[in-house]
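S.K.: Protein chains in written order, with the working numbering: chain B, 1 to 322; chain C, 1 to 223; chain Y, 1 to 515.
If you are wondering where the hints come from, they were derived from the structure by calculation, not from laboratory data.
In silico lysine-lysine, DSS-like type, Cα no more than 30 Å apart, as pairs:
1) Y:Lys365 x B:Lys128
2) Y:Lys152 x B:Lys128
3) Y:Lys152 x B:Lys148
4) B:Lys128 x B:Lys215
5) B:Lys215 x Y:Lys365
6) B:Lys127 x Y:Lys152
7) B:Lys278 x Y:Lys365
8) C:Lys16 x Y:Lys443
9) B:Lys279 x Y:Lys365
10) Y:Lys152 x B:Lys215
11) Y:Lys365 x B:Lys127
Partial chain Y-side listing against chain C, Cβ under 8 Å, derived:
12) Ile192
13) Pro425
14) Gly445
15) Glu462
Just so you know, these numbers come straight off a predicted model, no measurement behind them. Glycine included, each C-beta is placed from N, C-alpha and C at the ideal position.
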Amino acid sequence: MKRILLAAVAAFAAHAASAQSYPTRPVTMIVPFAAGGPTDVIARIVTEHMSRTLGQQVIIENVGGAGGTVGITRASQAKPDGYTIMMGHMGTHGAAPALYPNLKYDPAKSFAPIGLAAGTPILIVTKKDFPASDLKGFVEYLKTNGAKLNEANAGVGSVSHTTCSLLQSLTQAKFTRVAYRGTGPALNDLVAGQVDFGCDQIVNLVPQIQAGTIKAIAIATPERSPSLPDVPTTKEGGLPEFQVSAWNAIFAPKDTSPEVVKALAGALDKALDDDNVKKRLHELGGTIPDKQGRTPEALQKLVESEVARWTPILKAAGAVAN
Amino acid sequence: MAAEVGKSPAPSGIVKGPQAVVGGLALVALALFALWLVSDLSQGTLRSMGPAMLPRWLAIGVGICGAVLAASGFMREGHPIEPFTLRGPGMVVVGIVFFAVTIRGFDLGPIRIPQLGMCGAGPLAMFIGGFATRDVRWRDLLILALALTAACVMLFGDMLNLPIPLYPQWFSDLYPASFNNDTRMRVTAGILVVIAALVYFLVPGSKDPSINVVVDDTPGVQR
Amino acid sequence: MGELLGHLALGFSTVFNFVPVDIPGLGTIPIPLNILLCFVGCLVGTLVGVLPGVGPVASIAMLLPITFKFDPTGALIMLAGIYYGAQYGGSTTAILVNIPGEATAVVTTLDGHQMAKKGRAGVALGIAAIGSFFAGCVATVFIAAVGAPLTKLALIFGPAEYFSLMVMGLVFAVVLARGSILKAIAMILVGILMSTVGTDLETGQERMTFGQQFLSDGIDFSTLAMGLFGIAEILRNLDNTETRDVVRKAIGRLLPNMQDMKESALPIVRGTFIGGILGILPGNGAVLGPFASYTIEKKLAKDPSRFGRGAIEGVAGPESANNAGAQTSFIPLLTLGIPPNAVMALMVGAMTIHGIVPGPQVMTKNADLFWGMIASMWVGNLMLLVINLPMVGLWVKLLKVPYRLMFPAIMMFCCIGIYSINSLPTDVMFIAFFGVIGYFLIKLGFEPAPLLLGFVLGKLMEENLRRALIISRGDMMTFIERPLSGVLLAVAVILLVVALLPSIRKSRDEVFVED
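Make a model of the complete structure from these sequences and hints.
M.R.: So this is what it looks like as structure tokens:
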């Protein structure tokens, strides 16, 4: 036993000495959601290119659970040697402190931010025979007939739930919220007209909107999206405060050495400049941050502002997980 | 070793169906436990059900079923409790828990259990679990454990590329730096097979004649 | 009709397409790449499906990155192959070692493993493969012919209808039990109760989690099934030297004979039909297929007491339903672009990674992909039959390994399999915990199957009940007023009455004694 321990210590010391040649073995990226979801897809597209820059494979490990907080908690407690990193997102690093009072990490303090990877814009959509077609009419209808309307979301803490909480707090409308397990079933009932409207990430919605099975009211970004050029922004529609995007960003555990952070941030930067990566992210309706927007410093600022923004909204919506 | 516990008492006196009585009481206990667990959650209304509504009514249903079952055990002649042993479940549970805590290390309060990875946790868990039966033969078990782990390293690590810890980092670092990940995996699997082979050839098998590995040649049974 | 043939022709030409591939040393040679990918998918799927715990979701997630190198059609053909290959492999594990890889294989363990214990493992595996192949062929044509119009069915089903459907499913669970009805109902209730553990979907509050993070998503199906069935079975066998030797002593025939085929023919047809219809429903209606098929076979059988003791109909019907449902569950994905279950959600992920966003237009925009995938299903099913029938002999030989060596190996595979899904050591501990629970359940004369069914349906039932009541603003009449929901509830009531009829109850009491 003792010998094993000694060997372990020696190995660790040897590693510390050779930190400048990071990485010398595969890097594990914890994605706190099941494979195949938007965050996972973005992580896979980005890491595929990062692996080439780093010269070592970045292996995705999906550790799902509790709105992503299980995986992020584990990753935050990993050895800060750069071999365990994670893909956080708006929920785990923005909304989580308001939703989970027993959270074992602090989004702003427990991490060494690497950089923003990609965001996906949020849309307000309705069933196809909804009485209103533009944002003004929609908000009007929401305020007068709110009690009759049902909003579909993917469960407390999901992107669709969080963003619609913002809509509720902005309009002060009293619509009924219906939770589904995931965006798929929620979308199904929206297409079938069982519920009236919802907010969700663009990636899930584009084909349905194009096929006319649901109706897009507005997109919550400053500019219109190239995938849906006909959908006006919330700014144009007269609700400029409704600006949200589901962002995904890479973090390392806190106390990760600056060299490692630099190597990872550099690899991410390079990946986001790659044409193929850009193309694939655009196909998903994703937005790629500009050069300043993807630095570790910018990410730290974003996390702080997001936590400050969501906490009061979610507390007001009464959505607090125990 | 295997303590025979819970030997069925003969159905005498007021308890006519001990199995039903014990089963029923277990259900009642489970129901009470669940009721206690959801006691601080709100039940809500039909229009907007609270989190406790369904679990509470389910628990009451379970409790009623349990009570009726237990009552039937007093009224009707029923089954005795089947005898059970502790050795089997005990060793299997220890084996599985051992695997769980050593596969990637585990924090147990102040104690940190080291990560052994699949190459350590797998065969050790199998070896411990193997003692669940009385006719354990540690030599065969050891050979199988090592060989199977080698196969698992190739299958899960090399072929399927599962993100499962295979061995502790310090072990991986023992290899020359020029070895890439796949080579390390393959060499490790090779080492395990060599050890298994060494045990096979060097450790004499038991002389007990009853251990012929396949006991299925009983005449008349094979169709 | 002509249109259908045209579509199928397009599909098969996509599948049999020769792609020039650069092979080192040989130059550029045209090879049928898609066929190869389909074969690799089926092979890998079978392999992964056989490993306990590693179900289709885990395996597709694992192998997703490998498909990056191929064009989207090839990649999806391969992933689809992994999916139904894993279904095939999963039945093998259910029959041989009593571990259901996923909800749909629970029923297979009931009679399949009993058949294996009686030395008829080969027959059970054979009939499962043949039934699945038949179901796969029918389902392929079915999807091609009426897939698009049937999509509307998915849209009729709202929360109220799903609730009624789940109630009907729970009635199946009563019928499927062997022992006393009271115990079966108790187990179903316990199953639903267990399904409510975890974060409440509507309010986000934690229920019965002891404040533990690993419970906040509830109890995982694979851990529960592996513990209650797989580990508990080991523990029970360890007690009982006689039963476990039976497995090894008599091996019997390797493949089903004419008599077996005759007995299975109608169950296979009925199973295919039921599974195919239920598979179309989003919200995981496919789960109900095997249960419904089992219930019907048991009700139709002249001697229902054979069920649960190795009745071949109890394997043939549900296995066909399972495979038919697995394929028709592609319909909502391909025609609506909405994934009905976790596996399909993963397929959506795979499609988006490959730059195809699934939606209502896939059928027209990516016609070759759509019909190619459908055609590949038929080809894949044929391949699975070819892969699996010869393997039956190999699997049956595995049963000859002495149990004292067999069970530690099963145990280790379970540990690795369950760990690989979520990388959580607590999941591994859970299989030990549920194993012990399952062991004592058996000792107390309770059956684990109704519990597991209650667990699977319970979550869907509660969510849809609450959703329906929220939408109806608390009006219970919604379940009766909506016609489809009313019909489903009526069927459930009739089934329950039939199950409770005294005459049937008497025969139930006769088979009360297990084993």
